[in-house]
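Trainee: Spelled out from the first residue to the last, the chains are:
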Amino acid sequence: MYHFDYHVELIALGFVFRGAWLTLEISIASLALGVCVGLPLGIARTHRSRVLGAFFDIYIEVFRNVPVLVQIVWFYYVLPIVLGVNLGAVTASILALGLNTSAFLAEVFRGGILGIPNGQHEASASLGFGTVQTMTYVIVPQMLRKMLAPLLNQFIVLIKESALVSYIGVLDIMHRGDMISTQFARPLEAYTAVAAAYWAICFITSRSAHWVEELFAIPE
Amino acid sequence: MRSRNSTLVLADPSPAEPKVPAEITIHLRDIRKRFGTQTILAGIDLTVGKGEVCALIGPSGSGKTTLLRCINLLTPIDHGRIEVAGSTLCHVEEGREVVRMKGRNLSRHRSEIGFVFQHFNLFPHLSALSNVTLPLRKIRGVPRRDAEAQAMELLSWVGLADKARSYPGNLSGGQKQRVAIVRALAMKPRVMLFDEVTSALDPERVGEVLDVVRRLARNGMTMLIVTHEMQFAREVASRIIFMEHGQIVEEGHPDQVMRNPANPRTRAFLRLASS
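Chains as they are written, first to last, in the numbering used here: chain A, 58 to 277; chain B, 2 to 276.
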């Protein structure tokens, strides 16, 4: 029978958890990029413009239908060839995960904006708000609060997907697990520690999500 | 601008003064509107003088609400001319657009037309106070402190000073509607348009909203009121306008239209409405 080495497990946990900050950093930055790019995309998609519409369709379909791992690799190895600039592994990771997230969030935001009753647009217009002001002060703030649940859910998805960046050498939780596994030839202990680390982060995040949602909920 | 508001809204009423429309606030000429094959407005001519209170009555589907929404271009018209306070907002002849105000220009004019909706349309993510101050600050550029002071003054005027920090979700229908009226009033409009503002309220809440409208009428606010409250219309309006099938069938002084309608359709409607 396999002998579970608690000593190695402790070392693994300690080593792996030190990658938690980098994992979180990448996830948070990717989410931020996803929101910043996804929000204007989502807003633009609510307007019926042929040319813009076609462009966004392509953007969204590309990011949705190519595996995330391929996107990460592409941004790390291919983009430097195309643009002639070398991106660091972390930057490439954030770019890939963030833009990928933006494609998903654009749809979420679009739905959220369309879900705001027309009366809100009419009330704003009747008070003298222009289209941009209506979006800025009335529609988007309401939409973001209503979309907080899918947004936090996307964040948890990102934390888990970020394990893929270990593939291009980012020293995140997953990559550290790989190192321990090789070092001690103990995959069971190493990857159990990795699993425990992701589980802990995601569990805490999803539990606090409820609290965050309540904090920002529109009183009813 | 500010002094105009305070005199209009908060000054002591002088009910004995007769209302002589010296200045025309709303001028509508031959307004026509179709939705698909259905004619909603079949050529409406209407002039509302400054300080006049006009009540629009008529059966459901007669085009009252559509007419009101056309005035500030929430609903685009197919034909006719809309003038508010001397400016032409829209002028369409035979499908040819002579004038259709857009963008900033339209927004500026809309901000001078107060519109109160049947379903309130308050901004649910903002407190009652912020609902009133947001347009003041962002459209009129009033500093936050001044905006809040003005909003509080108006909220107390409708008896809602203690609800300033409440969110719409925590207010009753009557309270929401009073906040909505204040939000429109704060912009110092030249005219207030009321679209069945008591239709979505519980019966016991109707009175508190009508009372606010009544006080506005006494203060000389120019108003166009779409309503199903016949008694209220008769009491508050200086003119009653009866609409049916997208046309103005009869208009005149409340006593004349209500007590002694000339048109048989008006008579039939009033008989049904009072029963």
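Fair warning: there could be bad hints in the mix.
What the hints assert, rightly or not - Have a look at the derived ranges for each label pair, beta carbon to beta carbon:
(1) B:Arg216 with A:Ala89: 38 to 44 Å
(2) B:Asp163 with A:Glu270: 26 to 32 Å
(3) B:Asn220 with A:Gly176: 24 to 30 Å
(4) A:Ala253 with B:Asp147: 56 to 62 Å
(5) A:Val108 with B:Asn220: 48 to 54 Å
(6) A:Leu201 with B:Arg216: 36 to 42 Å
In short, the hints are calculated from the structure, not lab data.
Where is the CB? At the ideal position from N, CA and C, for every residue including glycine.
Trainee: Taking the hints in turn, state whether each one holds.
Mentor: Status of each hint after checking the structure:
{"no.": "1", "hint": "B:Arg216 with A:Ala89: 38 to 44 Å", "result": "violated (50 Å)"}
{"no.": "2", "hint": "B:Asp163 with A:Glu270: 26 to 32 Å", "result": "holds (29 Å)"}
{"no.": "3", "hint": "B:Asn220 with A:Gly176: 24 to 30 Å", "result": "holds (28 Å)"}
{"no.": "4", "hint": "A:Ala253 with B:Asp147: 56 to 62 Å", "result": "holds (57 Å)"}
{"no.": "5", "hint": "A:Val108 with B:Asn220: 48 to 54 Å", "result": "holds (52 Å)"}
{"no.": "6", "hint": "A:Leu201 with B:Arg216: 36 to 42 Å", "result": "holds (38 Å)"}
Checked against the numbered hints given earlier, this structure breaks only hint 1.
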